[in-house]
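Enquirer: Line order of the protein sequences matches chains P and W.
Under the numbering used here, residue 248 is the last one in the first sequence; the count climbs by one each step, no gaps.
Under the numbering used here, residue 1205 is the last one in the second sequence; the count climbs by one each step, no gaps.
Among the hints, erroneous ones may be present.
As the list claims (entries may be wrong) - Coverage of chain W stretches by chain P, computed from C-beta distances (three or more under 8 Å per stretch; other residues unrestricted):
#: 1; segment: 1049-1063
#: 2; segment: 1097-1111
#: 3; segment: 1114-1124
#: 4; segment: 1141-1152
Since the hints were made in silico from the structure, they are not lab data.
Where is the CB? At the ideal position from N, CA and C, for every residue including glycine.
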Amino acid sequence: MLFNGLHLIKTIQFDQIRNLGNPVQMARVYNSRNVDELIFIDMKATEEDRPPAYEIIKDIIAECFMPLTVGGGIHSIEVIHRLLKIGADKVCINSEAINNPAFVTAAAKKFGSQCIVISIDVKQVRKDHYVFKSRGRENTNITVIEWVKQVEKLGAGEIFLTSIDKDGTMDGYDLDLIKKVSSTVSVPVIACGGAGKVQDIIDAVKLGGADAISLASIFHYGGHTPNSIKQRMYNAGIPVRFIDKNQI
Amino acid sequence: MTTSFKKVVIIDYQMGNVASVIKAFEKLGAKIKLSRNKNDIEKAEYLVLPGVGAFGDGMKNLKQFGIIDVLSRQVKKGVPFLGICLGMQLLAERGYEFGECKGLGWIKGKVIKLKSPTVPHIGWNDVKVTKNKKILSNLPDNNFYFIHSYFLKPNNKSIIAATCKHGHEFTAAIEQGNIWGTQFHPEKSQSSGLKVLDNFLNYHA
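Pulled out of the complex, with its shape left as it was, chain W reads as follows (with noise of 0.2 Å):
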């Protein structure tokens, strides 16, 4: 954990569980600001979407504060993007929660519903590293806490960097150039979750 004062804006889109992405961040000694201001956004080394609710809501908050082209210029520059849960999710061109939604687009495929007899899926489970990415390098073990009912199905199946099992496989973690994604918490992932957090503050490196 070598990660200091860099500067990392998460996402303010009002979407579920921020503190604990910020807390975590914070444990890495990065420089958190919480914002949905453009300036700001501009501004930062690093993004952070994260995200717990519905697609639609979701695309409807980034919509209504106006931060949509903001975000894709930043990416188009380069800046480090990470997506976390539904923040992942949203990165497809479409959803399907409630209704068919656009996405932000920016990886190509779709967010569809888990098939497994319970859904949601809940808990603590192995990932299966398929590509060796960034994202997940010098883990601790593979184990991350998942709580969610959509999963993220990539058109390309190279940018996929980890998958997990429940009642089939599904995307547990992406990396496409410098756009980031985990269906599971890291924030909520003890020594794996913070590991992964740390290798995103050191996409530079």
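Just chain P, same shape as in the assembly (with noise of 0.2 Å):
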């Protein structure tokens, strides 16, 4: 769930810009259709210069009985510390990482690496895949495979690895991409950006070995539920969690 300050909105390789309404009201579907987790990222937080919208984040988790990661104005110790307190699960660090590596060694010694998710947005630049900052605007000139390496001996408990060449535009993921993070790396990778067909998640999963898949098009615009791609992976051979048939 991408939010902006205002609404819960989605994007087309981080442009174009549309509102998909109350984030408060989106996580209550998700909660009764028993996904696995909601990933809430404030992407205006840092640019703005504001802190976490914890008034609608403590809404959003009075309706998840499942976990949740908040990302978005992540600076300080502080504001992981009040994140957890009214019950976030994890958080997704991304600009502050770029900016002071070290905040994410801090912040995995104070609250264990299995909080601290370092999301990293990417763009392919020629031949070779490099981070971006301040949503896609700025080439890092970092190399993913530099970065992942990187964060991972800093700390890093999860990797949120987002094509921004894909984002919302719905036609399959960079298995590229993927391939490459998963296989340098030994902390679980959340593949984000391209989904458009269940084939592409389960290509995303067997072929470029992501541990996890974070959508949101597909649900917003493709006519699929959680359960529908479910089955689907499960008959392809993936596990998945399976959910309580009473609740359907």
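Assembly of the complex is requested from the two constituent chains, each provided in isolation within its own frame, with the hints serving as guidance.
Expert: Pasting the structure below:
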């Protein structure tokens, strides 16, 4: 769930923002559909230099009996402390990891690696994949391989890997990117960006080696439900969590 | 979900995510108090030790707040006690996270690191119910949410209610009389998780 401070939104290649309404209502729908985990990212918090939207996050948590990861505007131990206190399970750090790598280690030491997800936005430039910051506007000139090795050493517990090129396009994952990253690190890799059909998701896991899949457009525009996707993944031989039949 | 107004004290020892544990018990209709006050602990009908974080820090905080004795007394008296994640690990005699550290010792055994290519173990997994225990009775499914790097290895295998596999088999849930524990997070495990908490609240039933 991508948030801009006011609404839930969806982007295409980090651009062409569309408003999708109220995040709390959406969280309620996702909870009733028994998704495995929710990721809530406030993409404007850092840019607008404001703290996470604690009140809205609290309302979302009240709707969820599943793990919640919160990202956007996480620059200090105090912010993480406050988010965990209101019921978040993990935090997702992006800019601050690039600007101040020592922060990742400090956060992992304080809250445990399992709590620290590092979000990485990647674009292909010529033949290589580079890490971009400021919502895809600025190339850090660090290759994704260098960066994932480093964040793993710094204490990241998971990597949330977004392909900017594929974001919102619904034309398949950047399998090359996922493969590169998942074969480089031993922490779980969550692949994000590009899922348009169920086969894309199956490919990201089976060919790319992703440990988890993050989905948005395919639910918003694709006519799929978490359950219909999991059924197809299961049929393809991927272990998935099945859900309480009484709640479908 | 039939429980009403049972007095549950969730131990506040400043280790991680308690908001979700409170919310889950409230959903089941229990009366919750988050506290580290000795009087509250003495009056509790049910005790819950949640926790996310390192073994040594958890023990240090329990000691610092001076509540180990009162907790031990209550457990000996037979008050149902549920340890979640780190809260279960602390029941062991010893832990090995960042060096050896003494635990509460109510469960004979130790807490050691998972031996798997991917640690921490994060995600949903099916558990294998190994013993017909109250803690996991009448589950809608066996799927629970895990997030941990260490696990409890009890000496007495018969207290293990369920195991899970991540690289190798490890303890997912235990039940030793009134002392219950889950390595997974029932408060994050949708309907199956709520059922575990409901079973706990129906300990006397």
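Enquirer: How does the coverage statement for the segment 1049-1063 of chain W fare against chain P, requiring three or more residues with Cβ below 8 Å from a Cβ of that chain?
Expert: holds (count 3)
Enquirer: According to a criterion of three or more residues whose C-beta lies within less than 8 Å of a C-beta of chain P, is the segment 1141-1152 of chain W covered?
Expert: Our answer is that it holds, as 6 residues pass the Cβ test (under 8 Å) against chain P, meeting three.
Enquirer: Residue count check for the segment 1097-1111 of chain W against chain P: does it reach three with CB-CB under 8 Å?
Expert: violated (count 0)
Enquirer: Count the residues of the segment 1114-1124 of chain W whose CB lies closer than 8 Å to any CB of chain P, then report whether that count reaches three.
Expert: Held - the segment 1114-1124 of chain W has 7 residues with a Cβ nearer than 8 Å to chain P, which meets the minimum of three.
Consistency with the previously given hints fails for number 2 only.
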